[in-house]
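Visitor: The task is to assemble the complex, starting from two chains supplied on their own in separate frames and drawing on the hints.
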Amino acid sequence: MLHKITVTVNGKQHTAEVEPRLLLVHFIREVINLTGTHIGCDTSSCGACTILLDGKSIKSCTLLAVQANGKTVTTIEGLAPDGGPLHPLQEGFKENHGLHCGFCTPGMILRAVELLENNPNPTENEIRWGISGNLCRCTGYNNIVKSIQWASAKMQGKPLPSSEPEFV
Amino acid sequence: MIAQSFNYESPNTLKEAISLLEKYGEEAKILSGGHSLIPMMKLRFASPEYVIDINGIPGLSYIKEEGGNVKLGGLTREAEIEHSELLKKHFPIFSDVTKLIADPQVRNRGTIGGNLAHGDAANDHPAAMLALNATVIATGADGERSIPIDEFFFGFYQTALQHGEILTEIQIPIPPKGTGNAYHKLERKVGDYATVGCAVQITTDNKGVCTYAGIGLTNVNATPLRAVRSQQALIGKPITDATIAEAAKFASEDCNPSSDLRGSEEYKRHLVAVLVTRMIHKAMERAK
Numbered sequence: 001m002l003h004k005i006t007v008t009v010n011g012k013q014h015t016a017e018v019e020p021r022l023l024l025v026h027f028i029r030e031v032i033n034l035t036g037t038h039i040g041c042d043t044s045s046c047g048a049c050t051i052l053l054d055g056k057s058i059k060s061c062t063l064l065a066v067q068a069n070g071k072t073v074t075t076i077e078g079l080a081p082d083g084g085p086l087h088p089l090q091e092g093f094k095e096n097h098g099l100h101c102g103f104c105t106p107g108m109i110l111r112a113v114e115l116l117e118n119n120p121n122p123t124e125n126e127i128r129w130g131i132s133g134n135l136c137r138c139t140g141y142n143n144i145v146k147s148i149q150w151a152s153a154k155m156q157g158k159p160l161p162s163s164e165p166e167f168v
Numbered sequence: 001m002i003a004q005s006f007n008y009e010s011p012n013t014l015k016e017a018i019s020l021l022e023k024y025g026e027e028a029k030i031l032s033g034g035h036s037l038i039p040m041m042k043l044r045f046a047s048p049e050y051v052i053d054i055n056g057i058p059g060l061s062y063i064k065e066e067g068g069n070v071k072l073g074g075l076t077r078e079a080e081i082e083h084s085e086l087l088k089k090h091f092p093i094f095s096d097v098t099k100l101i102a103d104p105q106v107r108n109r110g111t112i113g114g115n116l117a118h119g120d121a122a123n124d125h126p127a128a129m130l131a132l133n134a135t136v137i138a139t140g141a142d143g144e145r146s147i148p149i150d151e152f153f154f155g156f157y158q159t160a161l162q163h164g165e166i167l168t169e170i171q172i173p174i175p176p177k178g179t180g181n182a183y184h185k186l187e188r189k190v191g192d193y194a195t196v197g198c199a200v201q202i203t204t205d206n207k208g209v210c211t212y213a214g215i216g217l218t219n220v221n222a223t224p225l226r227a228v229r230s231q232q233a234l235i236g237k238p239i240t241d242a243t244i245a246e247a248a249k250f251a252s253e254d255c256n257p258s259s260d261l262r263g264s265e266e267y268k269r270h271l272v273a274v275l276v277t278r279m280i281h282k283a284m285e286r287a288k
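Going down the list, the sequences are from chains A and B. Our numbering applies: residue 1 is where the first sequence begins, and numbers increase by one. Our numbering applies: residue 1 is where the second sequence begins, and numbers increase by one.
Calculated from the structure, these hints are not laboratory results. Incorrect hints may appear among the rest.
Below, in silico cross-link-like pairs of lysine-lysine (BS3-like), each with a Cα-Cα straight-line distance of 25 Å or less [claimed, not checked]:
no., chain 1, residue 1, chain 2, residue 2
1, B, K64, A, K56
2, A, K56, B, K99
3, B, K88, A, K56
4, B, K42, A, K4
5, B, K177, B, K71
In isolation and in its complexed conformation, chain B is listed as follows (with noise of 0.2 Å):
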């Protein structure tokens, strides 16, 4: 369908973009990929009165490494992630993600930010950001401010961004030694969201005790969910069968998947146990 009649705005500043934002407020959107937005904007699920283009602002997309942490814009598009060298030596999580967003049209626009800020629990980055202990930078008019990633989702299509913010970089601890992480989903054909998406970073000392756990689920709740009862069943002590066992079965019960055409709430539960079951092994595969 159509989308119904909107003012478009492209501005060329990251300071413009943010004063128009303040200016319109509620009834404003940033276009940044476009890929939720639009669909949303055709069936008119959405309907801003005023579209933020941020495409043309320059300095918004880049991958970097800088002061213990991996550094990426707001504006990276997918594709970008899916074929960096420098996020596949530490997070080869993230081309595990991306390969799995949509399809390779989409993830050409597709941006991280969009990904993030979009506050949907359906969408692949959350729970791998819930994994890797994120942090979130939202600019605004009073300059940029830290939003640690367990602090940003709070509800459907409701993350912590305040009207008048941008979500400009999102920071990566880069992890010591011993560290693997991995990411898969389950769908129902290529491209769809997930039926269940289980993301996981995993730390182990020289002596095989696990120092560090983040597991992250997609679409079984209400927002990205972290498995807080499964990482900590495998905290402080070696990673073993049993261990992983709890932690899948935690998992498969803290979550809150929805009955619906992806499969039941029974069949979803068991799906979350299979799949953080996988991705503790691979994490620990990838650890090597």
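For reference, chain A alone in the conformation it holds in the complex (with noise of 0.2 Å):
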């Protein structure tokens, strides 16, 4: 039995018949076409899926479609508006080398995302547990903590770390 939901995506509003077994990111992935969610397990431990459901990060490989009936979600596609400036997390991976594949990218962001709006001056160890639902295979972490440091001061209006390679 098909169920009608209504969910606002990145401010528009989507209406469709899903059956109930369609989990959120196939509905984002495949009913909406926004491909920058990623499907990168199928264990709901590698956090590429994570996208914003009124506010709070989650991973949509692990809810389904019909749970998202009236409610809010922002994907990695709504974070800036179309043509307009990047979001501060998105300039952030962008000039401290954030990412190399990007696969994780859009996850990584969206958990940022919420994790500085609960804690908006992070200490490292509070950013590497922060981001510990969401895994990566290139890059080592260093530098997408950087970028979370970054971007982090620069929502805060603070003078802007070095976006330099650094030697650990």
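Guide: Following this line, the structure appears as structure tokens:
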């Protein structure tokens, strides 16, 4: 039996008839065609599918689309207005080489959005714990942490830390 | 993978949810946080015909102090428990437990009710509930019933909850002065299930004699395990290195860990002794 759902994604309302077993990530990718949200595992481990549901970072592969009925979803595509300036986190990842292949990046950024909202000035340790639900196979995480620290400074209007590579 | 087809219901009241559970019996599963159920359904380890989503029912998520107990609604999210100032006051163990559950995204959805009702000895809250001597409230068509935590866990994925019952509240007696509690689990990597986990709550009187000891173990038995002999080794005497060592030894002997990818049986027994020792010390630190 199909269920009719209405989900507001990046400010736009979408209505569709879906099977209950349709995952939110599949709804986002295949029904609405927003493919910035990625699927990286089958075990709710990797976090590449992370989106914001009513402002909370959630693994969209572990939610049914029907559960998002009447709710607001933000995907990576919704962070910056079309043609507009990048979100400080997007800019931070760009400036600080926070990605190689970019597969984990949308999930990382959306997780960091909630992280910084709850804790605008996190310590390095708080950032590392804060992204513990997002796996990266490429970078070794150091530049991801750096990107988030850079964005945190930018969002607080503080002087920006150096984007030069560090040798650890 | 894709879950098998199912029917989805999202009742708006507890009464409606219970009557749906009664109607569908064995073929229905409650969807709470969904971060144990949905992964199992995706792998087709679980294929309920009816999924009853209780997330839309108001009044099931709360943390409050009432009548000498702290009471948590079954639908309270782990993230809320992690940051609750009320819980930190008497029960820093909750912070210890929740920050080790999976990761921040999972904690935004996972609920304490689901964590207990799933009946998995690898979940973290059960051991803490044993240490704290909690009571589970189950609500069914005939109303509420109280289930002491020692009568709650029966076996692999089996709890005392009957078809038609929902875990609606957890009650924890507020301990007297001179009490400390703590939890830790050793894991292969962040977010993993426990290799071994240990929850402890200790009360000592003003003469330093232990009047209460609750020790719960995670993932070293088919069910969450109370270290009964360890508790007995501590109660009625002052806490000393000798009594702690004895408690640790008993826990190591009385658990039933499986050799698996997280470690051999021998290794886990060793870790149980280590963690029991550490957590007794930590609980004692906090009792000051």
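Visitor: Work down the list of hints and note, for each, if the structure agrees.
Guide: Status of the hints after comparison with the structure:
no. : hint           : verdict
1   : B:K64 x A:K56  : 23 Å, holds
2   : A:K56 x B:K99  : 17 Å, holds
3   : B:K88 x A:K56  : 23 Å, holds
4   : B:K42 x A:K4   : 22 Å, holds
5   : B:K177 x B:K71 : 19 Å, holds
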